[in-house]
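Okay, here's what each chain looks like letter by letter:
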Amino acid sequence: MKGRCRRGEWVEIHHVILRAGERSRDVPEDTQKVPLEAWIKGWAQSDAAVGEELEIETPAGRKVKGTLTETNPGYAHTYGPTVPELAPVSRELRGMLKEGKSRG
Amino acid sequence: MARDLSYAAVMGRRGEIMKKALGVDYGEFLRGKIAFDYEGMMTKAAYSLDEVRRIQREVGVGDTPLLELKNVTDLVRMTSRPGYGARILVKDEAANPSGSFKDRRASISTYQAKKVGCPGVLAATSGNYGAAVASQAAMRNLKCIIVQEVFDSRHVGQPEIIEKSRKCEAYGAEVIQLTVGPELFYVALVLLEETGYFNSSLYSSFGIAGIETLGWEVARDVRERYGKDPAYVVVTHAGGGNVTGTARGLRKAGAAGSKVIGASVDLSGLHMASDRDFNRKSFTTGHTGFGVPFATWPDRTDVPKNAARPLRYLDRYVTVTQGEVFFVTEVLASVEGMERGPAGNTSLAAAIPLARELPEDEIVVVQETEYTGAGKHPQAQLDFARQNGVTVQRGDPSENVPGKAIVIPERFDQLRMTEMDLDRMRRSYMRNAVERGALKEVSADEVQFLAEDSRLTPGSVQAILQELGVKVV
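If you're matching them up, the sequences are chains A and B in order. For the first sequence, position 70 matches number 70 in my numbering, and the numbering has no gaps at all. For the second sequence, position 204 matches number 204 in my numbering, and the numbering has no gaps at all.
Because the hints were derived from the structure by calculation, they are not lab data. Here the structure is a predicted model, which is why all the values come from computation and not from measurement. No residue lacks a Cβ here, since even glycine has one placed at the ideal position from N, Cα and C. Some clues are possibly wrong.
PhoX-like cross-link-like pairs, simulated, lysine-lysine; straight-line CA separation at most 25 Å [unchecked claim]:
| # | chain 1 | residue 1 | chain 2 | residue 2 |
| --- | --- | --- | --- | --- |
| 1 | B | Lys44 | B | Lys305 |
| 2 | A | Lys98 | B | Lys44 |
| 3 | A | Lys33 | B | Lys404 |
Examples of chain A residues lying across from chain B (beta carbon under 7 Å, computed) [to be verified]:
| # | residue |
| --- | --- |
| 4 | Val16 |
| 5 | Gly21 |
| 6 | Pro28 |
| 7 | Asp30 |
| 8 | Leu36 |
| 9 | Trp39 |
| 10 | Val50 |
| 11 | Gly51 |
| 12 | Thr58 |
| 13 | Leu86 |
| 14 | Val89 |
| 15 | Leu93 |
| 16 | Gly95 |
| 17 | Leu97 |
Generate the whole structure from the sequences, applying the supplied hints.
Have a look at this one:
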């Protein structure tokens with residue numbers, strides 16, 4: 001079930017490490033206004049629903065508490081769509097090499 | 001009694017946490033307010049070149065192929081004055097176990113962690129180094145935690161960094177994905193205290209000693225194959241370790257005549273710790289946002305004395321644009337059959353205009369490549385830039401504006417570089433030394449240190465100190 005996890009499942013939790021007022025004085029103003037947040041993945045130590053507090057055991061064996069965000073989290077990053085500005089480069093350069101070599 | 005985990009309290013314990021997490025007492029090397037015994041630290045708190053080679057062979061790191069880029073060299077010669085256009089070679093560091101030269105660094109710190117009996121290793125990095133530490137830890141049966149800066153406050157992450165999170169997790173590491181901010185270092189300190197892990201810092205003497213083999217192998221392989229030393233060795237420059245380790249290795253091989261040229265992507269105007277700017281940059285490493293501050297003041301890291309000291313070794317420092325690096329990434333794939341990068345191709349982008357300066361019989365070495373993958377790819381990164389309001393267009397690279405416009409060159413001959421003023425950076429280093437050390441007066445020994453550390457003459461150091469109101473006693 002998407003909105004819940006069972007004990008022993010691979011999950012992701014979220015927690016706030018530093019609230020907006022607690023941040024380093026060295027960070028710029030826009031960053032001062034937002035909290036320092038963390039997401040960690042590990043194995044659920046109990047059943048929980050998304051948004052509920054949960055303890056996990058991380059791959060390093062640490063026990064960490066946070067709010068459940070996802071069960072069986074994956075990766076959605078891709079190679080992206082063709083970028084029209086970059087797509088012709090290969091053909092242009094191969095043409096340039098061919099022309100240069102035919103001129104000797 | 002529970003530890004005080006407030007930001008101020010943890011940062012206050014920084015020195016003792018680091019001493020324990022590295023097993024190095026930096027006090028032993030300090031000489032005065034600013035000066036320290038750099039070579040002493042690199043000898044006593046590290047390993048010799050032979051030892052590093054042995055350790056790296058145990059884990060399949062190093063001895064990567066050195067490849068001649070014949071078609072790129074032809075393209076350079078077609079766009080150079082007659083008789084000019086040096087041969088360009090590339091050290092295919094993507095052939096290391098985790099796909100980048102960072103395995104060289106990680107192999108030594110992980111070896112040290114195992115040797116001193118630490119249960120695990122920790123690194124705070126959003127770059128390839130995380131994967132390298134995770135991979136080395138897996139080989140040596142150590143636990144591993146990687147702390148990364150991944151998201152802005154909208155929970156939107158750079159595809160390049162998300163790929164690096166995935167890779168660390170694939171190697172069995174615990175990955176802590178954070179929002180933007182230098183407090184990732186605070187998180188690392190809290191965890192080092194909690195776990196007793198070894199601090200696999202990018203900037204320890206162990207890490208830097210690990211890169212020396214790269215420069216040493218370049219000199220050995222070029223000599224063996226071409227009977228001469230490279231004229232230029234071009235190094236992607238960010239935190240300074242790549243420049244420092246490579247240059248030290250070249251010197252250890254006796255290639256004193258090879259010029260070490262740092263290259264960074266120009267990201268001037270973007271603030272590295274800004275929540276807003278974070279996703280407006282399309283490079284997360286190899287850029288001026290690290291390259292300039294780390295050169296002009298190396299001791300801003302997680303170790304008391306940084307072993308990466310680029311001003312000591314840089315003969316020149318040049319910048320290229322984001323669009324040029326994406327373009328040469330396409331060049332490398334389409335005419336050389338090598339899909340690598342993009343960030344690691346920063347030095348290749350610079351090597352092209354640099355090779356045009358030299359006669360055809362000279363050699364320019366690009367000393368690294370890195371693996372490519374989903375997210376860590378020109379298409380993914382340019383698409384992401386567009387989604388974050390950055391314009392992507394073809395044109396002259398001079399139209400590039402960091403965070404606003406990425407310009408893909410229209411032609412190969414438009415690839416250029418901008419020379420950075422190293423003397424200005426040396427003066428900036430001196431200002432930082434005076435301010436950070438709160439210097440009022442310095443000894444002759446400290447003048448000597450500042451001269452070596454900035455590659456200024458002792459006379460120039462004294463003149464600059466005088467301008468800054470510091471007395472030499």
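Now for the hints, and whether the structure bears them out:
no.	hint	verdict
1	B:Lys44 <-> B:Lys305	holds, 14 Å
2	A:Lys98 <-> B:Lys44	violated, 55 Å
3	A:Lys33 <-> B:Lys404	holds, 24 Å
4	Val16	violated, 10 Å
5	Gly21	violated, 11 Å
6	Pro28	holds, 5 Å
7	Asp30	holds, 5 Å
8	Leu36	holds, 5 Å
9	Trp39	holds, 5 Å
10	Val50	violated, 15 Å
11	Gly51	violated, 15 Å
12	Thr58	holds, 4 Å
13	Leu86	holds, 6 Å
14	Val89	holds, 4 Å
15	Leu93	holds, 5 Å
16	Gly95	violated, 11 Å
17	Leu97	holds, 6 Å
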